[in-house]
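**Q** Working from the sequences, and respecting the hints, build out all of it.
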Amino acid sequence: MKEKQLLFDYLQIAAGCFISSLGLTMFLVPNKVAAGGVSGLATVLHYLFHVPVGWTMLILNIPLFVAGVVYLGRSFGFKTIVGTILFSIFTELTANFPVPTKDLLLATVYGGILLGAGLGIVFRTRATTGGSDLAAMLINHFLPSVSVGQGILLVDFFVILLDGVAFNWELAMYSWIALYVSSKVIDLVQEGINYAKAVYIISDKNDDIAKKIIEEMNRGVTVFKGTGAYTGENRNVLLCAVTRLELSRLKKIIKDVDPTAFVIVHDVHEVLGEGFSFNKKEEVV
Numbered sequence: 001m002k003e004k005q006l007l008f009d010y011l012q013i014a015a016g017c018f019i020s021s022l023g024l025t026m027f028l029v030p031n032k033v034a035a036g037g038v039s040g041l042a043t044v045l046h047y048l049f050h051v052p053v054g055w056t057m058l059i060l061n062i063p064l065f066v067a068g069v070v071y072l073g074r075s076f077g078f079k080t081i082v083g084t085i086l087f088s089i090f091t092e093l094t095a096n097f098p099v100p101t102k103d104l105l106l107a108t109v110y111g112g113i114l115l116g117a118g119l120g121i122v123f124r125t126r127a128t129t130g131g132s133d134l135a136a137m138l139i140n141h142f143l144p145s146v147s148v149g150q151g152i153l154l155v156d157f158f159v160i161l162l163d164g165v166a167f168n169w170e171l172a173m174y175s176w177i178a179l180y181v182s183s184k185v186i187d188l189v190q191e192g193i194n195y196a197k198a199v200y201i202i203s204d205k206n207d208d209i210a211k212k213i214i215e216e217m218n219r220g221v222t223v224f225k226g227t228g229a230y231t232g233e234n235r236n237v238l239l240c241a242v243t244r245l246e247l248s249r250l251k252k253i254i255k256d257v258d259p260t261a262f263v264i265v266h267d268v269h270e271v272l273g274e275g276f277s278f279n280k281k282e283e284v285v
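Following the UniProt record's numbering, the numbering of the sequence shown begins with 1 at its first residue and continues without gaps.
The reader is advised that the hints may include incorrect statements.
Unchecked claim - Quick list of in silico lysine to aspartate or glutamate cross-link-like pairs, EDC-like style, CA-CA up to 20 Å: (1) Lys225 <-> Asp204; (2) Lys252 <-> Glu216; (3) Lys211 <-> Asp258; (4) Lys252 <-> Asp207; (5) Lys197 <-> Asp267; (6) Lys205 <-> Asp258; (7) Lys197 <-> Glu233; (8) Lys255 <-> Glu215; (9) Lys225 <-> Asp208; (10) Lys197 <-> Glu216; (11) Lys205 <-> Asp267; (12) Lys225 <-> Glu270; (13) Lys252 <-> Asp208; (14) Lys251 <-> Asp204; (15) Lys255 <-> Asp204; (16) Lys251 <-> Glu191.
Unchecked claim - The calculated label-pair distances, taken between Cβ atoms and stated as ranges, are: (17) Val165 <-> Ser145: 25 to 33 Å; (18) Ala15 <-> Leu105: 21 to 29 Å; (19) Leu143 <-> Tyr195: 47 to 55 Å; (20) Tyr230 <-> Glu170: 31 to 39 Å; (21) Asp208 <-> Asp103: 52 to 60 Å; (22) Val165 <-> Lys4: 26 to 34 Å; (23) Leu72 <-> His269: 34 to 42 Å; (24) Glu170 <-> Ile85: 28 to 36 Å; (25) Tyr71 <-> Gly232: 50 to 58 Å.
Don't read these hints as lab results, they were simulated from the structure.
Quick caveat, the model's predicted, so the values are computed rather than measured.
No residue lacks a Cβ here, since even glycine has one placed at the ideal position from N, Cα and C.
**A** Structure, rendered in structure tokens:
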């Protein structure tokens, strides 16, 4: 079973790297849009020194991997090495694919979507494609006050700044858009679109509401002890997690039992456990 999962992970890494390479070679690189990271730096170097993007990415990652082994150990895993190599190879193999558009905005958006979709698939296997992630981990190692997230932002900022200096600041602004789009698509691929809703309910008829939720919706309800700041009265607060499709039904139940109930609804990106999807991930290997 573990071998099948491992094989599936590597197939996902290959598919993700291929999709990301299409975002680079068909949209971002031809329009000089550097969406941060090693791929963005390779894009800038490609136009300054006429070097191939894919192999430049691989060469730039080699010292990062060496430093990673020396200072971080093997924490980044073999999957990341595979992802980095495949991303570089696919970028070279797709380098001569036709360019669908020269419109900067379209290229930025679609390039960001493909880049983010591919990286999101890779990240779901707990691998990366090297680059910004590994550089940020090294920055964090030598400067512990700088978090990994801040390190990634610093690396991307430097690359996009270089894009602006090498070409023009308008391209740098488009690069920020591509980076934003790709990051949002990465989140979408990793978390999915089936966001849940967390509903807090405060009512004088909490017991009746909880009973109907359990019986009619087959959803669990958690009870918290609360105190009103103004009245000082002790109140129970109900918490229930539901899917977006179930939200209207839940609100109807609450309204039928107590039209004056105080209800707070907010988005939840992921719910794990009984009644919701539970995707177990393999450890990094």
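**Q** Would you mind marking each hint as holding or not holding in the structure?
**A** The hints, checked one at a time:
1. Lys225 <-> Asp204: Roughly 13 Å separates the two Cα atoms, so the pair holds.
2. Lys252 <-> Glu216: Measuring from Cα to Cα gives roughly 12 Å; hence the hint holds.
3. Lys211 <-> Asp258: holds, 13 Å
4. Lys252 <-> Asp207: Status holds; Cα separation ~16 Å.
5. Lys197 <-> Asp267: holds, 5 Å
6. Lys205 <-> Asp258: Given pair Lys205, Asp258 holds - Cα atoms ~7 Å apart, limit 20 Å.
7. Lys197 <-> Glu233: At roughly 27 Å apart (the allowed maximum being 20 Å), Glu233 and Lys197 break the hint.
8. Lys255 <-> Glu215: holds, 16 Å
9. Lys225 <-> Asp208: The hint holds at about 17 Å.
10. Lys197 <-> Glu216: Satisfied, since the Cα-Cα distance of roughly 18 Å is no more than 20 Å.
11. Lys205 <-> Asp267: violated, 25 Å
12. Lys225 <-> Glu270: Answer violated: Lys225 to Glu270 is near 25 Å, above 20 Å.
13. Lys252 <-> Asp208: Judged against 20 Å, a Cα distance of about 13 Å means the pair holds.
14. Lys251 <-> Asp204: holds, 16 Å
15. Lys255 <-> Asp204: Cα-Cα ~13 Å, so holds.
16. Lys251 <-> Glu191: With a Cα-Cα distance of about 25 Å, the restraint between Lys251 and Glu191 is violated, given a limit of 20 Å.
17. Val165 <-> Ser145: 25 to 33 Å: holds, 27 Å
18. Ala15 <-> Leu105: 21 to 29 Å: holds, 27 Å
19. Leu143 <-> Tyr195: 47 to 55 Å: violated, 35 Å
20. Tyr230 <-> Glu170: 31 to 39 Å: violated, 54 Å
21. Asp208 <-> Asp103: 52 to 60 Å: Between Asp208 and Asp103, where Cβ atoms are some 58 Å apart, the hint holds.
22. Val165 <-> Lys4: 26 to 34 Å: Once the Cβ atoms are compared, 49 Å apart, the range 26 to 34 Å for Lys4 and Val165 is violated.
23. Leu72 <-> His269: 34 to 42 Å: Once the Cβ atoms are compared, 29 Å apart, the range 34 to 42 Å for His269 and Leu72 is violated.
24. Glu170 <-> Ile85: 28 to 36 Å: For Ile85 against Glu170, whose Cβ atoms are near 34 Å apart, the range 28 to 36 Å holds.
25. Tyr71 <-> Gly232: 50 to 58 Å: holds, 56 Å
Going through the hint list in order, the structure does not satisfy hints 7, 11, 12, 16, 19, 20, 22, 23.
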